[in-house]
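For the protein sequence lines, the chains are F and U, in the order given. In short: position in the first sequence from 1, add 36, done, that's the working numbering. In short: position in the second sequence from 1, add 15, done, that's the working numbering.
It should be emphasised that the hints constitute simulated quantities derived from the structure, not laboratory data. Idealized CB from N, CA, C, for every residue including glycine. It is possible that some hints are incorrect.
[Stated by the list, open to error] Pairs of lysine-lysine residues, derived as DSS-like cross-links and limited to a Cα-Cα distance of at most 25 Å, are as follows: (1) U/K122 with F/K133; (2) U/K122 with F/K92; (3) F/K92 with F/K103; (4) U/K26 with F/K78; (5) U/K30 with U/K72; (6) U/K122 with U/K72; (7) F/K92 with F/K133; (8) U/K72 with F/K133; (9) F/K78 with F/K133; (10) F/K103 with U/K72; (11) U/K72 with U/K26; (12) U/K122 with F/K78; (13) U/K32 with U/K72; (14) F/K78 with F/K103.
[Stated by the list, open to error] Facing chain U, a subset of chain F residues (Cβ under 10 Å, in silico): (15) F97; (16) L124; (17) R145; (18) A146.
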Amino acid sequence: QKEVEQNSGPLSVPEGAIASLNCTYSDRGSQSFFWYRQYSGKSPELIMFIYSNGDKEDGRFTAQLNKASQYVSLLIRDSQPSDSATYLCAGQTNDYKLSFGAGTTVTVRA
Amino acid sequence: GAGVSQSPSNKVTEKGKDVELRCDPISGHTALYWYRQRLGQGLEFLIYFQGNSAPDKSGLPSDRFSAERTGESVSTLTIQRTQQEDSAVYLCASSPRTGEASIVNEKLFFGSGTQLSVL
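Pulled out of the complex, with its shape left as it was, chain F reads as follows:
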């Protein structure tokens, strides 16, 4: 079993809609979780991190963490074509190592 699993997608949403991305993790020792965005042919860039149960909002992005269910999600509100990318979920344990999921590709239709 992979340490971090993501819904495989691809996910296609119309412009202005909400894109919902999900991630589960197997290591209960994971403390922090990160969402990276990767445009095609580019390197990943950090968009959000969360380490407390509940929601964390940053602009159009909301990260949600439920440690009891070992579940992390990312919501993108008012999706724009520029949000079209692959979104990578990562979990971090005490040994600092980040484990990444395989990514979910999002396409926002204009």
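Following the hints, position chain U against chain F.
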């Protein structure tokens, strides 16, 4: 420099040859990671360096892979006797972590990667 720098950006080699990939982290970043990303796949952890501590090599796929880092500066990833399955983008990332208080804040800054093609 302003960001993580990797070289070469592209490397084409013949099966069986050795290759060396270089990473210059952001100045002052103590943590450095190497990841591999195959086409259409997620990031596969290879190795992690933190300051002068022993590196975490748990992700290296075989003894053909090795990496070094001098202090908190440049790192090199060496792949000996390359195989076609080694073809991938090799990404380096650094982090400005300064102490345990930052454990919840391991923000990685990635380089542009080296596209390795083994023919």
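*Tell me, which hint numbers fail for this structure?*
Hints 10, 14, 15, 17, 18 not satisfied by this model.
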